[in-house]
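Let chain E serve as the given structure and place chain P on it in line with the hints.
From first to last, the protein sequence lines stand for chains E and P. Following the working numbering, the residues of the first sequence are numbered contiguously, the last one being 353. Following the working numbering, the residues of the second sequence are numbered contiguously, the last one being 353.
What the hints contain is simulated information worked out from the structure, not anything from laboratory work. Hints are supplied without guarantee of correctness; some may be wrong.
Note that identical chains are pooled: a pair holds if it fits in a single copy or bridges any two copies.
Stated by the list, open to error - Below, a list of computed lysine-lysine pairs in the DSBU-like style, where the Cα atoms sit at most 30 angstroms apart: (1) K242 / K187; (2) K242 / K188; (3) K295 / K242; (4) K242 / K24; (5) K24 / K187; (6) K24 / K188.
Model, not experiment: these values are computed from the prediction.
There are 2 protein chains.
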Amino acid sequence: MTPHSLLDAILRGAPPVRRRAMAKAITLLESTRADHRVQADALLTALLPYTGRALRLGISGVPGVGKSTFIEALGLHLIGQGLKVAVLAIDPSSSVTGGSILGDKTRMEQLSMQEAAYIRPSPSGGTLGGVAEKTREAMLVCEAAGYDVVIVETVGVGQSETAVHGMTDMFCVLQLPNAGDDLQAIKKGVMELADLVVINKADIDPNAATRAQAQITSSLRLLGFHGNPERDPHDGELWNPKVLQISALQHQGVDGFWAAVCDYRRLQTANGRLSLRRERQALAWMWERIDFGLKQAFRAHPQVRALLPQLQADVAQGRIAASTAARQLLAAQAGGAPAVAHATETAAPQPAL
Amino acid sequence: MTPHSLLDAILRGAPPVRRRAMAKAITLLESTRADHRVQADALLTALLPYTGRALRLGISGVPGVGKSTFIEALGLHLIGQGLKVAVLAIDPSSSVTGGSILGDKTRMEQLSMQEAAYIRPSPSGGTLGGVAEKTREAMLVCEAAGYDVVIVETVGVGQSETAVHGMTDMFCVLQLPNAGDDLQAIKKGVMELADLVVINKADIDPNAATRAQAQITSSLRLLGFHGNPERDPHDGELWNPKVLQISALQHQGVDGFWAAVCDYRRLQTANGRLSLRRERQALAWMWERIDFGLKQAFRAHPQVRALLPQLQADVAQGRIAASTAARQLLAAQAGGAPAVAHATETAAPQPAL
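Chain E extracted, bound-state conformation (with noise of 0.2 angstroms):
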């Protein structure tokens, strides 16, 4: 199948053909083979006046948290209301076990068997900048092809919640009821980036969780999570980070959570955030590439690799200013600087001084 008739098939295909083309075309963009990304790059641009329309939704939560379940509810309600649905996922852990979320898709087995579902487990392999580019650009695909909703899941490793961030228009945090307990076990800074936080399976102890909700509530206000101070009084009505409560089991409260969604995105539409939000991220985007591939071809590079090892542990050990470091590192790829001994040999003290 060539770019372009992969294209139609995405575009126009009836649901097989469609779906077919959307694998290939998700299989091609991962694909690190130089011939391939020159076709996959043709194949982004022709994709991306397509691409646009569809909301792009962030779901992150710790293990046991009821993420696929959540998940599994929110898809079959928003099919029944006659929306398309994808679910894509970013798990930087999947290269090393093989996948821990969506590895398999007998985790979401209704909405999997529905035709207007795309389910797509995480890209696996590489760094999470990479991982993260190849959800980016399969989140481009689903859109092509019409998916009215793209759900990014996510698990908190490392930095992949800032990761999915980056690439949605809203991003939703599943709690427990127990949050005040120690358990609960929520990462540093992952609050900090939620427009939605989610307490599921509240149906196991109601009063914990409107204890939780009511918690949570006031310390992301407290915390400065509400009335960005760097607001311009020129801008519209802002959006204040909800906390709601559901139950995905039980199905309750998957319809507020949507109307929250909504009510969001004709919010961020209005005081115009959501196109700011998606310009941002797509220059973020753009430069994280950029510093991806210039610091690859700087560590390439043979006299930074002669260099490299000896300073890092010189300014590890305080032997060397990091500063220092970097100039001379940065001058060895110039090419424009002699080779400069390495710090141990001058970082003494001199007698004579």
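Below, chain P without anything else, positioned relative to chain E:
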């Protein structure tokens, strides 16, 4: 003064000679002239073995919270205990406004008159990274000159808190007692960095201060700022951020603050976290400067300069995928690829498809 005599004066000069040498050394380190930079790097490397014994303390808080009053009270308290105190600052706005913090020493009138105190305003101009680098290097000069405590002050502008957190052993956030109030205006993400939260001006409304202390303590716990799930079970006891009340103006609670700092230092030394933090900071600093240098060279490349404005606009407007643009720009710098026509010419769907 040669770098060698400068080093000697910093290490062994009588107080007035030492102070003049410190000022000269910091000015040399701040210079952008290439020949000065070579001398500055030689000086830094020679200073380094005499650094690292000071406690590095970051202080942040919004304007009006009383940072200067607090730092002055703390500085005088420490000098009363026979310690030498240096106060540096990072104020990225200073290049625009001429300096909003520490621009004039009269703000810390009593402290600045002490022989055991050294106060230096924020370096001005350039990027935050550049300003932070100069402050880091000035910190090393202060340490070599025998200062026991180096305080780095910042005001909540841009990413300056992250920069100060990245160069200090302990990061403290000052708050007002009206914590529940939206006027608090603390920036999203700053509390995440705090090792110690200080409620200043507690004497104005003791009840509000006590309420704020309880609320902030439980919020920090609830939002995952305590009990890091990534902690290694083999770690010793870990520090949990504390919340204290003081009144700097009344000199109340400054001794309690210092006791908490000493507790922190003892614990972080015992569990190995202090040296680990410094090692990570030094390596992160090195890579931050390398990244900056690589990106500067990238932006200055003629082929990149020719393509960047249009590609950046195409990415922002969604006419080309960010990853495709990044690959085109990297190829342009590497010189390996032909000049690429910009995206708009190929983005429109081909009717033949």
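Status of the hints after comparison with the structure:
no. : hint        : in the structure
1   : K242 / K187 : both (19 angstroms within a copy, 18 angstroms between copies)
2   : K242 / K188 : both (19 angstroms within a copy, 16 angstroms between copies)
3   : K295 / K242 : neither (39 angstroms within a copy, 38 angstroms between copies)
4   : K242 / K24  : neither (39 angstroms within a copy, 53 angstroms between copies)
5   : K24 / K187  : neither (36 angstroms within a copy, 44 angstroms between copies)
6   : K24 / K188  : neither (38 angstroms within a copy, 41 angstroms between copies)
Hint compliance for this structure: hints 3, 4, 5 and 6 are broken, all remaining hints hold.
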